[in-house]
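Chemist: As a plain string of letters, each chain reads:
Number of protein chains: 2
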Amino acid sequence: MNKKLIENLYQAWNQDDPKKFDDLISEWYTIFSDPGDGWEGKTLDKDTYKTRVQFSRKAFPDLKFSVSQLIEEGDRVAVVWSAEGTQLGDLPGIPATKKKLTFAGQTVYQIKNGKVSGHWQTMDRLGLFMQTRS
Amino acid sequence: MNKKLIENLYQAWNQDDPKKFDDLISEWYTIFSDPGDGWEGKTLDKDTYKTRVQFSRKAFPDLKFSVSQLIEEGDRVAVVWSAEGTQLGDLPGIPATKKKLTFAGQTVYQIKNGKVSGHWQTMDRLGLFMQTRS
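So the sequence lines, in the order shown, correspond to chains A and B. Plus 7 on top of the position in the first sequence (first one is 1) and you've got the working numbering. Plus 7 on top of the position in the second sequence (first one is 1) and you've got the working numbering.
Isolated chain A (complex conformation):
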């Protein structure tokens, strides 16, 4: 049940407990494509993956993802999601605004041996950026 695995992954992102990821992601996790992500193109070990999660949670300590669609075929699960959070920390080029921001994205996950092993992602970074300026 790859869908259930991905639901658990989003639950882990919504909590502040890095250990939750240990059973969800592969030993090595590849960010195949993710424009604007500092780790794009890299393959991460688990500690680096957790560092990446903490990077997002430092910018948005109350970051919360909501999944609206899951589409599964073979070793892939596509997700339509939205996220909201209060930007209490800095983002690249954007000092903390203390604003509640919302943004939309879609992600395709690769699953190997019951663990999430990588993703391709696009999110509406311009929409997010414009909210910080409004």
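I should point out that these hints are in silico values taken from the structure, not numbers from a laboratory. Careful, some of the hints might be misleading.
What the hints assert, rightly or not - Pair by pair, the computed Cβ-Cβ distance ranges are: (1) A/G96 - B/P68: 40 to 50 Å; (2) B/E91 - A/G81: 21 to 31 Å; (3) A/D23 - B/Q61: 47 to 57 Å; (4) B/M137 - A/D30: 17 to 27 Å; (5) B/M8 - A/M8: 17 to 27 Å.
Stated by the list, open to error - Cut-off 27 Å, straight-line C-alpha distance, at most; resulting in silico cross-link-like pairs (DSSO-like, lysine-lysine): (6) A/K10 - B/K119; (7) A/K10 - A/K71; (8) A/K10 - B/K10; (9) A/K71 - A/K105; (10) B/K10 - A/K11; (11) A/K119 - B/K10; (12) B/K11 - A/K10.
A quick note: this is a predicted structure, and the numbers were derived from the prediction, not measured. From the three backbone atoms N, C-alpha and C, an ideal C-beta is built for every residue, glycine too.
Starting from the structure of chain A, add chain B where the hints point.
Modeler: Just chain B now, kept in the frame of chain A:
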């Protein structure tokens, strides 16, 4: 074969022949979510859908989509795509730059009775915008 239908849809977008859409899209086509799209939230008849295609092709007369992944389940097909085109026309807030731009996106399509009836989309608008400024 919903995947084949979606492949045909991208082929139609890559050509400049509005009639190609007649057999591909439903009488009514809903843009459920598509940040930055002027028709977001609207349900379009075929003529309005074609107007929307022409709007994109006016900005990028040589617009070409490349599909890298198709994930199908039930009445949905998720697509990972990239696009490139020379911006010979204006975009909202961005006068024609004459630059060749590339951008990435993901889209989930809804299929009803063998026709595409709507989509949810996110694309990297910030990446596109930054290329117009560089």
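Chemist: Each hint needs a verdict: does it hold in this structure or not?
Modeler: Do the hints match the structure? See the list:
1. A/G96 - B/P68: 40 to 50 Å: Between A/G96 and B/P68, where Cβ atoms are some 43 Å apart, the hint holds.
2. B/E91 - A/G81: 21 to 31 Å: This hint holds: roughly 28 Å between Cβ atoms.
3. A/D23 - B/Q61: 47 to 57 Å: At 48 Å between Cβs, range holds.
4. B/M137 - A/D30: 17 to 27 Å: violated, 38 Å
5. B/M8 - A/M8: 17 to 27 Å: holds, 25 Å
6. A/K10 - B/K119: Cα-Cα ~23 Å, so holds.
7. A/K10 - A/K71: Distance of about 19 Å is within 27 Å: holds.
8. A/K10 - B/K10: Roughly 20 Å between the alpha carbons, so the hint for A/K10 and B/K10 holds.
9. A/K71 - A/K105: Holds, at roughly 16 Å.
10. B/K10 - A/K11: holds, 24 Å
11. A/K119 - B/K10: holds, 23 Å
12. B/K11 - A/K10: holds, 24 Å
Comparing the model with each earlier hint shows a violation of hint 4 alone; every other hint is respected.
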